[in-house]
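Colleague: The chain contents come next:
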Amino acid sequence: MHRYISDFILDITQNSFEANSTKVELYFCENERYLNLIIKDNGSGMTSDVLKKVLDPYYTDGIKHKKRKVGLGLPFLVQSVHESGGSFEISSKPNEGTLVKCSFDLCNIDTPPIGDICTTFLVLYCDPKAKELIIKREIKTSKGRGYYEYSKSELLDILGDFSTVSSLCLLRDFLKSQEEDLIQYNIDRTIIF
Amino acid sequence: MAKMTLEELRNLRSLKQSSLQKRSIEGKEGQIVIGMGTCGIAAGAKTVLDAFLSELDAQGITNISVTQTGCMGLCYVEPTIEVIVPNMPDTIYGKVDAKVVKLIVKEHLINHKLINDHLFDRPSADIYAKDGDK
Numbered sequence: 001m002h003r004y005i006s007d008f009i010l011d012i013t014q015n016s017f018e019a020n021s022t023k024v025e026l027y028f029c030e031n032e033r034y035l036n037l038i039i040k041d042n043g044s045g046m047t048s049d050v051l052k053k054v055l056d057p058y059y060t061d062g063i064k065h066k067k068r069k070v071g072l073g074l075p076f077l078v079q080s081v082h083e084s085g086g087s088f089e090i091s092s093k094p095n096e097g098t099l100v101k102c103s104f105d106l107c108n109i110d111t112p113p114i115g116d117i118c119t120t121f122l123v124l125y126c127d128p129k130a131k132e133l134i135i136k137r138e139i140k141t142s143k144g145r146g147y148y149e150y151s152k153s154e155l156l157d158i159l160g161d162f163s164t165v166s167s168l169c170l171l172r173d174f175l176k177s178q179e180e181d182l183i184q185y186n187i188d189r190t191i192i193f
Numbered sequence: 001m002a003k004m005t006l007e008e009l010r011n012l013r014s015l016k017q018s019s020l021q022k023r024s025i026e027g028k029e030g031q032i033v034i035g036m037g038t039c040g041i042a043a044g045a046k047t048v049l050d051a052f053l054s055e056l057d058a059q060g061i062t063n064i065s066v067t068q069t070g071c072m073g074l075c076y077v078e079p080t081i082e083v084i085v086p087n088m089p090d091t092i093y094g095k096v097d098a099k100v101v102k103l104i105v106k107e108h109l110i111n112h113k114l115i116n117d118h119l120f121d122r123p124s125a126d127i128y129a130k131d132g133d134k
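Top to bottom, those sequences are chains A and B.
Heads up: the first sequence at position 180 corresponds to 180 in the working numbering, and the numbers run straight through without jumps.
Heads up: the second sequence at position 36 corresponds to 36 in the working numbering, and the numbers run straight through without jumps.
Possibly wrong hints are sitting among the right ones.
Said to hold, decoys possible - Quick look at which bits of chain A chain B covers, simulated, 3 or more residues with Cβ under 8 Å:
hint	stretch
1	23 to 37
2	72 to 80
3	122 to 132
4	163 to 173
5	177 to 187
Said to hold, decoys possible - Partner residues aside, some chain A positions facing chain B, computed with beta carbon under 7 Å:
hint	residue
6	H2
7	T119
8	I158
9	L159
Derived from the structure by calculation, the hints contain no laboratory data.
Backbone N, C-alpha and C fix where the C-beta goes; we use that ideal spot for every residue, glycine too.
Could you build the full structure based on these sequences and the hints that come with them?
Modeller: Listed below in structure tokens is the structure:
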């Protein structure tokens, strides 16, 4: 099981990359109480029959790992969301893509910590399987609204590559500066037991 | 740190680029590949990637690329990484954390010594082929 919400995001977004998509969008929106996530891709999608099975941890299409009998990404996410009063929905159409929507109740004691957002976004941007990734990050609280949005292609255009230490460090600093700018909108939440 | 604009990022990039070109005479490229499958993520592969960037940057090592791959088939010793550098065998290290990252940079990359406690290998070639690269 993953320890942080950001690990779930990384895992599920990778699914989208692996679905032969040319464009993946990740919405990461935090408000007073909830963290709302949308992961949308234009990849191969799934039939309704497959869609019914993907939440079963003992289901896998067997393509990526031929002898493996488990597929844990989505089941992990669903279990964590259900344990902590959040919500989850998934819809998909063959050849059109897949949409995963979920929310975590940030006031629930059982909700995992969000974790390291910068490194998560960094890993996603530099994933060689990601053809195009647009991350939209928003925070909206009583202190105001902060927002940033960047696509992989525009960052790649500036940095030239996503594998040398120097460009990765620059990208990390860049993402850190974006996140630091959002700290002013953070609020102290009362955790409900 | 003030919020960086794309233009500032572009300027920083060209600044770094020119200082890099001066040093690239040393040549000899290497590669660090980090297993970023579900198992790797759950075990802390993200922290490992972050630690590699910090350590390589701190040591001024710029001719190593850091990339990611899926599960290497060694889920029981995640996070796993593969180090491919000249004059050393291609090596897979398991149970890697931020401390081990420092060791790998110092011993493997700089001193050219293997770190025995974390040494793991791919399953032997016959099993490897039979199991379909799992």
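Colleague: Quick one: see if chain B covers the stretch 177 to 187 of chain A, three-plus residues with Cβ-Cβ under 8 Å.
Modeller: Since 4 is at least three, the answer is holds.
Colleague: Are at least 3 residues of the stretch 72 to 80 of chain A within less than 8 Å of chain B when you compare beta carbons?
Modeller: holds (count 3)
Colleague: Okay, the stretch 23 to 37 of chain A and chain B, do three or more residues pass the C-beta test at under 8 Å?
Modeller: As far as the stretch 23 to 37 of chain A goes, the hint is violated, because 0 residues have Cβ atoms under 8 Å from chain B.
Colleague: Holds or violated: is there a CB of chain B closer than 7 Å to the CB of A:T119?
Modeller: Cβ of A:T119 sits 5 Å from chain B, so the hint holds.
Colleague: Could you check if A:H2 really has its C-beta closer than 7 Å to a C-beta on chain B?
Modeller: 5 Å, holds
Colleague: Holds or violated: the hint that A:L159 contacts chain B, with Cβ atoms closer than 7 Å.
Modeller: 6 Å, holds
Colleague: State whether the coverage of the stretch 163 to 173 of chain A by chain B holds or is violated, taking the criterion as 3 or more residues with Cβ-Cβ distances under 8 Å.
Modeller: holds (count 10)
Colleague: Mind checking the CB of A:I158 against every CB in chain B and telling me if the closest is under 7 Å?
Modeller: Because about 5 Å separates A:I158 from the closest Cβ in chain B, which is inside the 7 Å limit, the hint holds.
Colleague: Residue count check for the stretch 122 to 132 of chain A against chain B: does it reach three with CB-CB under 8 Å?
Modeller: holds (count 5)
Violated hint: 1 only; the structure is consistent with all others.
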